[in-house]
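Asker: Listed here are the chains, written in short residue letters.
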Amino acid sequence: MIEFISVTKRYPNGAEALKNTNLCIEKGEFVFLVGSSGAGKTTILKLLYRELLPTRGTIKVLGRDVVKLKKREIPFFRRNMGLVFQDFRLLADRNVYENVAFALRVIETPTREIEKRVMESLELVGLKGKVKSKPSELSGGEQQRISLARAIVNQPAIILADEPTGNLDPDTSIDIVNLLRVVNLRGTTVIMATHDQEIVDRLRKRVIEVEDGEIVRDQLKGGYRHEA
Amino acid sequence: MRLRTWAYFIAEAFKSIFRNGWMSLASVGVVIITLFLLGSFMLLNYNIAFLSSDIKSQIEVVAFLDEGVNRSQVDQLYLKITGFEEVEEAVFVSREDALQRLRAQMGEQGYLLEGYEDQGNNPLRDSFEVRTFVPEEVPELAGKIKQLSGVSRVDYGSEVLDRLFTVTRILNWVGVAFMIALGISATFLIANTIKLTVFTRRQEIMIMKMVGASDWFIRWPFVIEGLVLGLLGSLVPVAGLYFGYQYLVEWVNFNIPFLALMPTAEVFQFLLQTLFILGIGLGILGSSFSLRKFLKV
Ligand SMILES: Nc1ncnc2c1ncn2[C@@H]1O[C@H](COP(=O)(O)OP(=O)(O)O)[C@@H](O)[C@H]1O
Ligand SMILES: [Mg+2]
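As they're listed, the protein sequences go chains A and B.
First residue of the first sequence: 25, per our numbering; consecutive thereafter.
First residue of the second sequence: 374, per our numbering; consecutive thereafter.
Warning: the hint list may mix true and false statements.
[What the hints assert, rightly or not] Selected chain A positions facing chain B (Cβ under 7 Å, derived; list incomplete):
| no. | residue |
| --- | --- |
| 1 | E97 |
| 2 | P99 |
| 3 | R103 |
| 4 | P194 |
| 5 | I198 |
Please keep in mind that the hints were generated in silico from the structure rather than gathered at the bench.
All values derive from a computational prediction rather than experimental measurement.
We treat Cβ as the ideally placed atom computed from N, Cα and C, and that holds for glycine.
Start from the sequences and build out the full structure, keeping to the hints where you can.
Answerer: Encoded structure:
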């Protein structure tokens, strides 16, 4: 379902963020992408949602060769994935409902479907009671839940989360990761980049560790650090 | 795309226009000035052309003949002159006719010419009055007629013509230069307004790209914003020039009755379209500059 074949990514300034990497992720998996800052986690995610093109190699996502996507196909390709970021990326001038509905409106979902799907998503993340609130009136954890509701509202096959708990305290982080587990249990593939040791150790999911642009460990039911 | 989507684009465009109120106002202002100037120049040009066609129709080549030419020589000259392809018509004016005309022009003083009627005493010459199809061909034709034997002298309103043509030409070049400069600044200002919108809406644009909105879905509100700015900028000069010109025509009719301006309805048929199309064009040009540079979709 997701495959990197000898993928190298060199940035225009010469920095080699990914070196001849091979990677394979199956449908329905939950994967932690770990490694210290600057290891190459974000680069891997950006290559997956075609924000970046690899310098060399092949990337396959959902049966498509990502490198060969035409420019006008990229938006339609992205509709298959939900993205979550550390900084939430919400619209400050719109309430919770509108923030989630926005994702459906801009891909021209029929109006009668929008309300149903938005409310389902908000129910799943536990924000059904706060549809009228503005992001600034909510806690960081609640804001990240809006962003998660937005990511799943179009029922994507894959969730890509780049340090979604980076700005949250430990308890709130656990809540968010638990929500990602729920989404994963419903069949969605989840890839989460993080350097949150506690969470990785607690969940015991597949761990792919990146270091200096190379995959140094790929372990099922792994912890944050390599254990002998 | 659906109707609802278009309603959304238009709503977004207007929201941005109001949000960037001052920049929008400045863009619209420059479009107004540009098109107002363009419109005024067009009106001026139309009327110069209209008036000069009046003046031009009075301009002709007058060829005075040698003294003592006979009837058959006159006929031959007539054939030669009407044989030039520039010539629309040529009229023979005998010295007797010329004297008559002069006397009529002098009115009460006509008696002064008494005693000149005799063949021998008439001081005037036989002449041809020649009209061309195109006034610009007068100088060259005058030269050709002068070469004919039997023609002693050629007259034409060369200075009036030359000056008229020169003035119109200079005026037009100055006008075109002005309008190009203004058009560029209008485009630039619109581009900057749109840039501001792109900047204030960068979060929205980022999210749209993130969730898979198509490129044109992202672009349209900006294109419409430019279009509306251009359209607003053309409404004011169209209305202003229309009423201003109507008033001018009435004023001129009343105060300078012999000066005939072009009728309002006739002028505005073309002016209206031109200003609207140019306004919209400037708007779209401005926004497309901005989109290519800042939106990057
Ligand atoms: N836009 C960029 N231009 C140049 N170098 C970059 C860019 N983005 C990331 N890098 C470099 O690529 C490497 C990997 O970065 P990144 O994928 O962001 O790491 P991580 O997400 O694991 O912290 C780093 O050395 C970083 O400096
Ligand atoms: Mg990163």
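Asker: Work down the list of hints and note, for each, if the structure agrees.
Answerer: Okay, the hints, checked on the actual structure:
1. E97: For E97 of chain A, the interface hint is violated, since the closest Cβ of chain B sits about 10 Å away, which is over 7 Å.
2. P99: Hint on P99 of chain A: holds, closest Cβ of chain B at ~4 Å, below 7 Å.
3. R103: holds, 4 Å
4. P194: It is violated, given that the least Cβ distance between P194 of chain A and chain B is near 27 Å, above 7 Å.
5. I198: violated, 25 Å
Going down the numbered hints, you'll see the structure goes against 1, 4 and 5, while the others check out.
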